[in-house]
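For the protein sequence lines, the chains are A and B, in the order given. Counting along the first sequence from 1, when you hit position 187 you're at 187 in the numbering used here, and nothing is skipped either side. Counting along the second sequence from 1, when you hit position 2 you're at 2 in the numbering used here, and nothing is skipped either side.
In case anyone wonders, no lab produced these hints; they're calculated from the structure. The reader is advised that the hints may include incorrect statements.
[As the list claims (entries may be wrong)] List time: in silico EDC-like cross-link candidates among lysine to aspartate or glutamate, alpha-carbon distance up to 16 Å:
1. B:Lys46 / B:Asp60
2. B:Lys122 / A:Asp235
3. B:Lys121 / A:Asp235
4. B:Lys83 / A:Glu15
5. B:Lys46 / B:Glu65
Keep in mind the model is a prediction, meaning the values are calculated, not measured.
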Amino acid sequence: MLPIKGMDIRTFIVETKWGGMSLVSLYLSVLSGMALALQYDPATPFFSASSLDLLAPFGQFFRACHFYSSQLFFLFSLSHLAAIILAKADQQLRFGKWLLLVGSVLAALLLLFTGYVLRADATGEAAGVIAENITLSIPYLGAVLNSLLFAIEAEGMKRVYANHLIGLGLVWGICCWDHLRRYRVTFAQHSLLLFATVGVSLFLAAPMEPARLGLFHIQGPWFLLGLQELLRYLDPFWAGVIFPSTLVVALACVGAAEPWRRRSLLYIAGWLAVYLILSVIAAVR
Amino acid sequence: MADPERKAEPLTRRIFLAGSWSWLRWGAGALLLYPVFRFLGYRAPKQPRVVKVNKVVPVDGFVLEHDFILFVGQAGPWAVSRKCTHLGCRLNYQEKEGVLVCPCHHSRFSKEGVRLSGPAKKNLPRFQVAAMQEGQDGKGYLVTY
Chain A
1 MLPIKGMDIR
11 TFIVETKWGG
21 MSLVSLYLSV
31 LSGMALALQY
41 DPATPFFSAS
51 SLDLLAPFGQ
61 FFRACHFYSS
71 QLFFLFSLSH
81 LAAIILAKAD
91 QQLRFGKWLL
101 LVGSVLAALL
111 LLFTGYVLRA
121 DATGEAAGVI
131 AENITLSIPY
141 LGAVLNSLLF
151 AIEAEGMKRV
161 YANHLIGLGL
171 VWGICCWDHL
181 RRYRVTFAQH
191 SLLLFATVGV
201 SLFLAAPMEP
211 ARLGLFHIQG
221 PWFLLGLQEL
231 LRYLDPFWAG
241 VIFPSTLVVA
251 LACVGAAEPW
261 RRRSLLYIAG
271 WLAVYLILSV
281 IAAVR
Chain B
1 MADPERKAEP
11 LTRRIFLAGS
21 WSWLRWGAGA
31 LLLYPVFRFL
41 GYRAPKQPRV
51 VKVNKVVPVD
61 GFVLEHDFIL
71 FVGQAGPWAV
81 SRKCTHLGCR
91 LNYQEKEGVL
101 VCPCHHSRFS
111 KEGVRLSGPA
121 KKNLPRFQVA
131 AMQEGQDGKG
141 YLVTY
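Generate coordinates for the entire structure from the input sequences, incorporating the hints supplied.
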C-alpha cells in the first residue's frame, strides 16, 4: 500500500495495519517453518539446507516461503514499532508492558538471525561464529549466555536449532501474549499479502552461498551489515555488545515520561543514521 | 503518601513467618538457577582430533582442509588453523599473494600464521603435522589439533 494523494508519510505509517501484516507473515513463517523442521537435520546443517533446495520435492518453495515471510514479519514488526512511536501510543501503555514489547523485537531479531545461521552456508557459518565470539566477549556472563544461545563451536547447530524452533519463539510469545490477546488477525484480512509472499516464493529461491575456494568477502545479513563494518574498527565487546545495547536501552526509555522520551528518540535517530552509514560502507565493499 | 495517623502494624509471629516463607521461596527459586547454569555451561573435555591428509603435496604446495591449511616447504610440512583469531570466521588462502584472508573483516595472515593486518590481534595457531610412511598408512600427512 503506497501513500495516496493527500496523505503524508506520517499518516501513511500511522494508519497502515503493520501489526496485522506482521502477524500474518508470522503465521506463514511458522507454517512453512514447521514443514522445513520435519526435513532439516542440525547434525548436517549445510547438507540438509542445500538438500531442501536441490532434492526435496517443493523444498525450495518451502524454504523460500519461510525466508521471505520471516523477513516480512521482522520488517513489518519494525514498521509497527515506528507507527506506535509516531502515534505516541506507547504513552498509553504501562512501562512494564512497553519493556516486554521491546523484548519481543529483540526476540524477533534473534529468530531471524538464528534462521540465517541454521542454513550454515558461508554467510550463516560466519554469522554464527561471530555471534558466538561476541557473546563470549561479555565479561562474567558471556560463557553462560553463549551456552544458552549458541555454543556452535562445542555443539554445532544443536542449541541454535532448539532456540530457533522453541526457545526464542516462546520468549517472543511471552513478550507479546498480553498484546496479542487484544487483537485477532486472520489470513483473510491480508489475503493479498499472503498471495504475494507465496507467489514470490514459487519463483524466487531463498539465498544460499556455499563455502568455496577463493571466497574472500562475505556480507552478513542486511540488518547486521553496520555491525559487521563496526567490528573492523572497535573491540568486539564495544562494537557487538555495548553499541547495540544502547539502542535497546533508548528504545526502552521511549516508554518513559518526558523529557526522557524525546531524548531517547533523538538518540535513536542518531544511532540509526550512524548505522545506516556503516551499512552502506559495508554494502559497497 | 503514607497516612501519618496510621500506625505501623506490629510484627507478629504470623507476619514474620509469612514474610520469611515468601523470602525462602524466592531464595529456593534463585538457588535452582545455579544447577541450571552449571548444567548448561558444562563442556566435555575435547578429544584431540587427528585428520589424515591422503595425498602427497609437492614442495611449495598446499592443501585446504575444513579446519586447517597444510603447507609443504623446503624444511617440511606445517599446518595452520583456518579459524580467524578475530571472530572465528573461516580463512581462505590467496595463492597469488601467499596470504590467508578472513572473508568477514579482512584480517590477513602469512602462510606461517603470523598476523599481518586487520582487526585480528593474535597469530594463528599451528598444528602438529607428521608425514605418513609409505606402505603402512598410505602416503600423506597426519595433522593433530
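Hints breached by this structure: 1, 4 and 5
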